[in-house]
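Peer 1: Mind docking chain B on chain A? Use the hints.
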Amino acid sequence: MRLADYEPVVGRSVIEELRALGQRLKGKVVRNINSTAVGGGVAEILNRMIPLLNELGLRARWDVIKAGEKFFSVTKKFHNMLHGKKERLSQEEIDLFLSTSEENVKKMNLRGDIVFVHDPQPIVLIKKKKLIKKAKWIWRCHIDISRPQPQVWDFLKPYVEEYDASVFSSPSFAQELKIGQFLIPPSIDPLSDKNKELPQPTIDEALRKFNISRKKPVIVQISRFDYLKDPLGVIDVYRLVKKYVDCQLVLAGSTAADDPESNEVLAKVQEKAKGDKDIHVLSVPAASDIEINALQRAASVVLQKSIREGFALTVTEALWKGCPVVASAVGGIPLQIRHKFSGLLSRTTEGTAFWVKQLLNSPEYARELGAAGREHIKQNFLLTRHLRDYLLLFLALYHGEDIVNI
Amino acid sequence: MPKFSKAQQPFVFYTRLHLQQLTGLKARDLKTLLKGINKVSGSVIYHHTHRFLQQHQFLSPEPPNDFAYWVTEVLGEHKLGEELASIDTIQFPTIRALREKLSQTIQGHIRYMEESGLGQFRVSSEEEQFHFVKTISFVFPTPYVARNLLEFAKILKKITINSIYFHVFEAKLRLEKGVNDFSYWIDTSCARPDLAQELARLDPYTHTLEGLRKKIIELIEQRIKEIKG
Numbered sequence: 001m002r003l004a005d006y007e008p009v010v011g012r013s014v015i016e017e018l019r020a021l022g023q024r025l026k027g028k029v030v031r032n033i034n035s036t037a038v039g040g041g042v043a044e045i046l047n048r049m050i051p052l053l054n055e056l057g058l059r060a061r062w063d064v065i066k067a068g069e070k071f072f073s074v075t076k077k078f079h080n081m082l083h084g085k086k087e088r089l090s091q092e093e094i095d096l097f098l099s100t101s102e103e104n105v106k107k108m109n110l111r112g113d114i115v116f117v118h119d120p121q122p123i124v125l126i127k128k129k130k131l132i133k134k135a136k137w138i139w140r141c142h143i144d145i146s147r148p149q150p151q152v153w154d155f156l157k158p159y160v161e162e163y164d165a166s167v168f169s170s171p172s173f174a175q176e177l178k179i180g181q182f183l184i185p186p187s188i189d190p191l192s193d194k195n196k197e198l199p200q201p202t203i204d205e206a207l208r209k210f211n212i213s214r215k216k217p218v219i220v221q222i223s224r225f226d227y228l229k230d231p232l233g234v235i236d237v238y239r240l241v242k243k244y245v246d247c248q249l250v251l252a253g254s255t256a257a258d259d260p261e262s263n264e265v266l267a268k269v270q271e272k273a274k275g276d277k278d279i280h281v282l283s284v285p286a287a288s289d290i291e292i293n294a295l296q297r298a299a300s301v302v303l304q305k306s307i308r309e310g311f312a313l314t315v316t317e318a319l320w321k322g323c324p325v326v327a328s329a330v331g332g333i334p335l336q337i338r339h340k341f342s343g344l345l346s347r348t349t350e351g352t353a354f355w356v357k358q359l360l361n362s363p364e365y366a367r368e369l370g371a372a373g374r375e376h377i378k379q380n381f382l383l384t385r386h387l388r389d390y391l392l393l394f395l396a397l398y399h400g401e402d403i404v405n406i
Numbered sequence: 001m002p003k004f005s006k007a008q009q010p011f012v013f014y015t016r017l018h019l020q021q022l023t024g025l026k027a028r029d030l031k032t033l034l035k036g037i038n039k040v041s042g043s044v045i046y047h048h049t050h051r052f053l054q055q056h057q058f059l060s061p062e063p064p065n066d067f068a069y070w071v072t073e074v075l076g077e078h079k080l081g082e083e084l085a086s087i088d089t090i091q092f093p094t095i096r097a098l099r100e101k102l103s104q105t106i107q108g109h110i111r112y113m114e115e116s117g118l119g120q121f122r123v124s125s126e127e128e129q130f131h132f133v134k135t136i137s138f139v140f141p142t143p144y145v146a147r148n149l150l151e152f153a154k155i156l157k158k159i160t161i162n163s164i165y166f167h168v169f170e171a172k173l174r175l176e177k178g179v180n181d182f183s184y185w186i187d188t189s190c191a192r193p194d195l196a197q198e199l200a201r202l203d204p205y206t207h208t209l210e211g212l213r214k215k216i217i218e219l220i221e222q223r224i225k226e227i228k229g
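As you go down the protein sequences, you meet chains A and B in turn. Using my numbering, the final residue of the first sequence is 406, and nothing's skipped along the way. Using my numbering, the final residue of the second sequence is 229, and nothing's skipped along the way.
It should be emphasised that the hints constitute simulated quantities derived from the structure, not laboratory data. Just so you know, even glycine gets a beta-carbon here, dropped at the ideal spot from N, CA and C. Hints are supplied without guarantee of correctness; some may be wrong.
[To be verified] Taking lysine-lysine and the DSS-like style, the derived pairs with C-alpha atoms no more than 27 Å apart in a straight line are: (1) LYS178/A to LYS31/B; (2) LYS157/B to LYS215/B; (3) LYS378/A to LYS158/B; (4) LYS107/A to LYS130/A; (5) LYS76/A to LYS107/A; (6) LYS129/A to LYS26/A; (7) LYS26/B to LYS340/A; (8) LYS35/B to LYS101/B; (9) LYS158/B to LYS178/A; (10) LYS243/A to LYS272/A; (11) LYS177/B to LYS154/B; (12) LYS106/A to LYS134/A; (13) LYS272/A to LYS76/A; (14) LYS216/A to LYS268/A; (15) LYS133/A to LYS107/A; (16) LYS340/A to LYS101/B; (17) LYS101/B to LYS39/B; (18) LYS79/B to LYS378/A; (19) LYS26/B to LYS86/A; (20) LYS157/A to LYS106/A; (21) LYS26/B to LYS157/A; (22) LYS157/A to LYS129/A; (23) LYS215/A to LYS274/A; (24) LYS35/B to LYS178/A; (25) LYS378/A to LYS215/B; (26) LYS378/A to LYS154/B; (27) LYS157/A to LYS70/A; (28) LYS214/B to LYS378/A; (29) LYS26/B to LYS178/A; (30) LYS107/A to LYS66/A; (31) LYS26/B to LYS85/A.
[To be verified] Incomplete in silico selection of chain B near chain A, CB under 8 Å: (32) THR15; (33) LEU17; (34) SER43; (35) GLU127; (36) LYS134; (37) VAL139; (38) PHE140; (39) THR160.
Chain A extracted, bound-state conformation:
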């Protein structure tokens, strides 16, 4: 995609502003580092962002750390603990994390003007800061760390404080840090396969493929199979609703390369859904964007019953499509949904079921919520706004004042 392709969606002036900012950063080498090239929100955003940064005149690069399954089991534990789950890291796990990180520190080329490190997996790369003079280092945290387990945060914090700046997705994730903390919510790409407009035959074809009937309302939750997304709780919600409204449930998601736990969760979900033909548990490959798009567009209600969240891009996607959404008031979800205005927020299984029933029984209200939700996403959570914030962040690294004339 090129910047001009976004003009019909966001308007000409937005694109002009991006070009003006790009001119002021022309030639800067921005090196993005994360842990996986496919699966998960970070890889998705980088895939879109890198070509646009290059088109704007920056020299954006994207590298992935090299690590094995054991390393990712440890970083999955980091992830869970940062989300607040009570677990303990053993010394062996810490050693494994550090030794793999050291190998990456030695092998990776991190030369550039700005080194942009995403999430905890590559965090130790900051050790290379002294070797790359004048480079600015940013740590971008995509995770809800509002209530981290002290063991993991105490371990990571000294690394974070070596960076020049940090970035969080929600104000509630802010920590006491010696470095600047910027607030940049993530975004979705309105032109990607996952979010673009789809013709009705494509939606129908996807429903046929997954054997989903158009005759009954469809409740959909899209998310990878992860305890923190509470897919088992979603089945409980469906069963409470099903007592009153004959509906179907679709639980669809992929498994990510850096999440070894997802197969276990998928098995438990399949076990719980067994025997109910109206529950569709779909483990789809990472490259199923059109199908995911079609499922969201076919949904009567979209659910995101997460226990913990980063920003919850699946909520952004659903709102952008004008779907009525019921989601837990966790992580970045309240930034996207104002209760009863752009969607509905819930805190319990019973509450979630209550709101789903309301929406299924009041389609006009559901439509109004969906339309307001789409407008809110258009104003605040599309890729162009995200790109603009990153450009401003890069500029902020070179200025200390609150009003910057550029």
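Peer 2: For chain B alone, kept in the frame of chain A given last:
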């Protein structure tokens, strides 16, 4: 004098973009909110009194400041919420003066509650506490320059909404110019003091940004029509 003579000085349209910086400061009740308001930089006060305008451009009416919204929705202090919401931001020439008013209003309510024994101060849950955030503004010129009132109106129709925001809100309050840039230019460079005053009298806080653009264009075009006779 020709009807649309060249302005003494051309009007260069600037724009501004915002980046949000977290301060790490939080509040869970009225007293910690007050403490925060008295302590934070002007850029934080500016953020919380102007964020709604930008993030909910399509909405009207909306709670005009974050303090009013939080006090009402989270602490359930509806009377104080209304007092904070009705603070007439346009009347304040500086952020300092606006901060003072916010602070006095909350202080007054705390005193009232303490003296009348109206009960306990409510405390928010951890999830719903107030986070103080700062706005960093990046200001830069656009390619658009108006040399007379006609050109000015034409550009207003297509310029980014951020430019209108900058010249109306940011220039007056944050840059402490005392009046919005449009009124100043129309008065001093176009010699149209009546129109300048009309624009200065607008309360921009009661419009959506697009609504404001429309209103400004309407006033200018009306005047252009009158001049043309």
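Peer 1: Each hint needs a verdict: does it hold in this structure or not?
Peer 2: Status of each hint after checking the structure:
For a cut-off of 27 Å, the pair hint linking LYS178/A to LYS31/B stands: about 26 Å separates their Cα positions. Simply put, LYS157/B and LYS215/B have alpha-carbon atoms about 11 Å apart, close enough for the 27 Å limit, and the pair holds. Distance check on the hinted pair: LYS378/A and LYS158/B sit about 19 Å apart at the alpha-carbon level, within 27 Å; holds. For the hint pairing LYS107/A with LYS130/A, the CA-to-CA distance comes to about 16 Å; that is within 27 Å, so the pair holds.
Taking the CA atoms of LYS76/A and LYS107/A, the gap is about 23 Å. The hint holds against a cut of 27 Å. Between LYS129/A and LYS26/A the alpha-carbon distance is near 23 Å, which keeps this suggested pair within the 27 Å criterion. For the proposed pair LYS26/B and LYS340/A, the alpha carbon gap of about 26 Å is at most 27 Å, so the pair holds. Taken as a hint, the LYS35/B and LYS101/B pair is honoured in the structure, with Cα atoms around 14 Å apart against an allowance of 27 Å.
Distance check on the hinted pair: LYS158/B and LYS178/A sit about 43 Å apart at the alpha-carbon level, beyond 27 Å; violated. Restraint check for LYS243/A and LYS272/A: the C-alpha separation of about 17 Å stays at or below 27 Å, so the hint holds. Annotation: proposed proximity of LYS177/B to LYS154/B holds, straight-line Cα distance about 25 Å (limit 27 Å). Taking the CA atoms of LYS106/A and LYS134/A, the gap is near 19 Å; set against the 27 Å cutoff, the hint holds.
Between LYS272/A and LYS76/A the CA atoms are separated by roughly 24 Å; this keeps the pair inside 27 Å, and the hint holds. About 25 Å separates the Cα atoms of LYS216/A and LYS268/A, which keeps this hinted pair within 27 Å; it holds. Restraint check for LYS133/A and LYS107/A: satisfied, since their Cα atoms lie roughly 18 Å apart, inside the 27 Å limit. Between LYS340/A and LYS101/B the alpha-carbon distance is near 32 Å, which puts this suggested pair outside the 27 Å criterion.
Restraint check for LYS101/B and LYS39/B: the C-alpha separation of about 14 Å stays at or below 27 Å, so the hint holds. As the CA atoms of LYS79/B and LYS378/A are separated by approximately 34 Å, the hinted pair breaks the 27 Å bound. Only pairs whose Cα atoms come within 27 Å are accepted, and LYS26/B paired with LYS86/A is accepted, the gap being roughly 25 Å. Among the hinted pairs, LYS157/A with LYS106/A is consistent with the structure: their alpha-carbon atoms are about 22 Å apart, no more than 27 Å.
Between the alpha carbons of LYS26/B and LYS157/A the distance comes to roughly 20 Å, so the proposed pair stays at or under 27 Å and holds. Taken as a hint, the LYS157/A and LYS129/A pair is honoured in the structure, with Cα atoms around 16 Å apart against an allowance of 27 Å. Distance hint between LYS215/A and LYS274/A is fulfilled; the C-alpha atoms sit about 22 Å from each other, no more than 27 Å. Distance restraint check for LYS35/B and LYS178/A: the Cα-Cα separation of roughly 21 Å lies within the 27 Å cut-off, and the hinted pair is therefore satisfied.
Restraint check for LYS378/A and LYS215/B: the C-alpha separation of about 23 Å stays at or below 27 Å, so the hint holds. Straight-line distance between C-alpha atoms of LYS378/A and LYS154/B comes to about 26 Å, which keeps the hinted pair within the 27 Å bound. Straight-line distance between C-alpha atoms of LYS157/A and LYS70/A comes to about 23 Å, which keeps the hinted pair within the 27 Å bound. Between the alpha carbons of LYS214/B and LYS378/A the distance comes to roughly 21 Å, so the proposed pair stays at or under 27 Å and holds.
For the hint pairing LYS26/B with LYS178/A, the CA-to-CA distance comes to about 16 Å; that is within 27 Å, so the pair holds. A C-alpha spacing of about 9 Å is found between LYS107/A and LYS66/A, which places the hinted pair at or below 27 Å, so the restraint holds. This hinted pair checks out: LYS26/B and LYS85/A have alpha carbons roughly 23 Å apart, not beyond 27 Å. The beta carbon of THR15/B comes within 7 Å of a beta carbon in chain A, closer than 8 Å, and the hint placing it at the interface holds.
Hint status for LEU17/B: holds, given a least beta-carbon distance of 6 Å to chain A, under 8 Å. The closest approach between the C-beta of SER43/B and any C-beta of chain A is roughly 4 Å, which is under the 8 Å cut-off, so the hint is satisfied. Hint on GLU127/B holds. Least Cβ distance to chain A is approximately 7 Å, under the 8 Å limit. Checking LYS134/B against chain A: minimum C-beta separation of about 7 Å stays under 8 Å; hint holds.
Below 8 Å, beta-carbon pairs count as interface contacts, and VAL139/B has one with chain A at about 5 Å; its hint therefore holds. The closest approach between the C-beta of PHE140/B and any C-beta of chain A is roughly 5 Å, which is under the 8 Å cut-off, so the hint is satisfied. The criterion of a C-beta within 8 Å of any C-beta in chain A is met by THR160/B, whose closest approach is roughly 3 Å, and the hint holds.
Checked against the numbered hints given earlier, the structure breaks hints 9, 16, 18 and satisfies all the rest.
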